[in-house]
Amino acid sequence: MNKSGKNISQAIIKRLPRYYRFLGELKAEGVERISSGELSGMMNATASQIRQDLNNFGGFGQQGYGYNVDYLYEEIGKILHINTSHKMVMIGAGNLGSAICGYKSFPRYGFNIIAVFDIDPKKIGTYVHGIQVHSMDELEDFLEEHGVEIVIVAIPTDNAAGVMKRLEKTHIKGVWNFAHIDYDMPEGIVMESVHLSESLMILNYKIANAEGAGRK
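Numbering of the sequence shown is given in our numbering, commencing with residue 6 and proceeding in unit increments.
These are computed hints drawn from the structure, not numbers from a lab. You may find that some hints are simply not true.
As the list claims (entries may be wrong) - Cut-off 25 Å, straight-line C-alpha distance, at most; resulting in silico cross-link-like pairs (DMTMM-like, lysine to aspartate or glutamate): (1) K211 with E192; (2) K109 with E197; (3) K127 with E197; (4) K92 with D146.
To be verified - Derived Cβ-Cβ restraints for the label pairs, each shown as a range: (5) E79 with H200: 30 to 36 Å; (6) N214 with Y108: 52 to 58 Å; (7) A213 with E149: 46 to 52 Å.
No residue lacks a Cβ here, since even glycine has one placed at the ideal position from N, Cα and C.
Can you build the whole structure from these sequences, using the hints too?
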């Protein structure tokens, strides 16, 4: 739901980061304005769909001019709340957790991983891409003291449910879940799950169907 009280579909919400990414590339190239038709070529979407998507948030375009790239980029950033800073912590200092911590674009979008947590005594006190690893015993106190909004969970499935139960009792706002578990968080905590194996299966399905249809 946007500020006007209008319900926004999940499909539109999922397209917003793509708009933001492509507009960021245009901005870096010094492009000042773009039409919905030109943007559709980049987005692999129709110009009509783009106009309809953006009209849910006010439109932003001018007939005969198109969209001001800088302005639209900033406005979509506001819609996605990228114009503010968000403190995050990582649970899991394994290969996946380390790889996510090393993603250098997070700070550019306002996402800052300020600590890592793990149960392995050998990892506690070490650093992952310059971020200190803390004991899981410190988790709740750290979240409260530092006003952490988002927790990234990148641990084995067997341990994930217990961690989720602990997070239920905190004041965080969201969980970015990479553990292979479906879990219902209480009202007030939003969860976005990323199941890598499911994404790979979808890719495999698309490959199989592309081969079946024949390549042009």
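Consistency of the hints with the structure:
1. Distance hint between K211 and E192 is unfulfilled; the C-alpha atoms sit about 35 Å from each other, more than 25 Å.
2. Taking the CA atoms of K109 and E197, the gap is about 21 Å. The hint holds against a cut of 25 Å.
3. Distance restraint check for K127 and E197: the Cα-Cα separation of roughly 30 Å exceeds the 25 Å cut-off, and the hinted pair is therefore not satisfied.
4. Taken as a hint, the K92 and D146 pair is honoured in the structure, with Cα atoms around 15 Å apart against an allowance of 25 Å.
5. At roughly 33 Å, the beta carbons of E79 and H200 sit within the given window of 30 to 36 Å.
6. As the Cβ distance of N214 to Y108 is approximately 31 Å, the hint placing it in 52 to 58 Å is violated.
7. Checked against the hint of 46 to 52 Å, the C-beta distance between A213 and E149 comes to roughly 49 Å, which is consistent with it.
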